[in-house]
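Chemist: Now for the letters of each chain:
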Amino acid sequence: DSGVTQTPKHLITATGQRVTLRCSPRSGDLSVYWYQQSLDQGLQFLIQYYNGEERAKGNILERFSAQQFPDLHSELNLSSLELGDSALYFCASSLLQGTTGTDTQYFGPGTRLTVL
Amino acid sequence: TQLLEQSPQFLSIQEGENLTVYCNSSSVFSSLQWYRQEPGEGPVLLVTVVTGGEVKKLKRLTFQFGDARKDSSLHITAAQPGDTGLYLCSSNTDKLIFGTGTRLQVFP
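As you go down the protein sequences, you meet chains A and B in turn. For the first sequence, position 90 (counting from the first letter as 1) is numbered 90 according to our numbering, and the numbering increases by one without interruption. For the second sequence, position 95 (counting from the first letter as 1) is numbered 95 according to our numbering, and the numbering increases by one without interruption.
Keep in mind that a hint or two might mislead.
Label-pair restraints from in silico Cβ distances [claimed, not checked]:
#	chain 1	residue 1	chain 2	residue 2	range
1	B	E17	A	E53	20 to 26 Å
2	B	S27	A	G16	35 to 41 Å
3	A	L61	B	E38	27 to 33 Å
4	B	D67	A	G3	33 to 39 Å
5	B	T20	A	T104	20 to 26 Å
6	A	N59	B	S26	28 to 34 Å
7	B	R103	A	N59	18 to 24 Å
8	B	R60	A	S65	41 to 47 Å
9	B	T20	A	L61	35 to 41 Å
10	B	I13	A	S79	40 to 46 Å
No wet-lab data here; the hints were simulated from the structure. Think of the CB as a built atom: it goes at the ideal place given N, C-alpha and C, for glycine as much as any other residue.
Construct the entire structure; sequences and hints are all you get.
Modeler: Written out as C-alpha cells, the structure is:
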C-alpha cells in the first residue's frame with residue numbers, strides 16, 4: 001500500500017460525458033501528479049500540482065483539467081469523453097516539487113476508465 | 001523531444017535464468033528511475049541512479065547508469081516468478097517521461 005488513494009476504482013461512461021477522478025496523496029506529500037496509461041501510448045504524464053499550484057504540464061488535452069485543493073487532495077476532470085480516452089489513470093504523490101528527479105513518487109492503484 | 005526507448009519489449013523466461021533490460025535515449029539525463037508495475041497496480045519505484053557509471057544493487061537486481069548518462073540497464077540474476085511485471089524507466093530532466101516498458105514474464 002503506497003498510501004495514495006484513488007476513487008473510483010472503475011468508471012464506465014459514454015462518449016460525450018464528463019467524469020471526475022479523485023486522488024488523496026500520502027500524508028505530508030505536497031505534490032500530486034496525474035498520468036494516463038493506455039496500451040498504445042504507455043504511461044504519459046499529464047499534469048503536476050505542488051501545494052495547490054500547477055507546477056508542470058505534460059501531454060494533457062484541453063478537454064482535461066485538474067486542481068489541487070487546500071487539503072492537498074486533487075481531482076482530474078475529463079470532459080467531452082471520446083473512446084480513445086479509455087485508459088488507466090494514475091495519481092502519484094511526492095514530498096517535494098520533484099525538480100531534481102530524485103523526489104520519490106508514490107503511485108495510487110489507479111482508476112480504470114472505460115468510455116463506451 | 002526526449003524519448004526513452006526500452007528493450008526488449010517483451011521477455012518470457014524460466015525461473016532461474018538471468019536477464020538484462022535496457023533503457024536508451026539520445027538525450028543526457030541528470031537522473032533516471034526504474035519502476036516495476038504489477039498487474040492492477042501502480043508503478044513502484046525500485047531505484048534512482050544519478051551519477052554516470054553508477055551501479056546500484058537491490059538483492060538480485062543490478063542497475064547501471066551509463067557513463068554518458070544517456071542509457072541504463074537492469075540485470076536480474078536467477079529470476080523468480082515474483083519478478084513478473086512491467087519494468088519502466090523514467091526521467092525528469094526536462095520533462096517527466098516514462099520509457100516504453102519491458103513486460104517480463106517468469107515461469108516456474
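Chemist: For each hint given before, does the structure comply? Return the numbers of the non-compliant ones in rising order.
Modeler: When the structure is compared with the hints, numbers 1 and 6 turn out to be violated.
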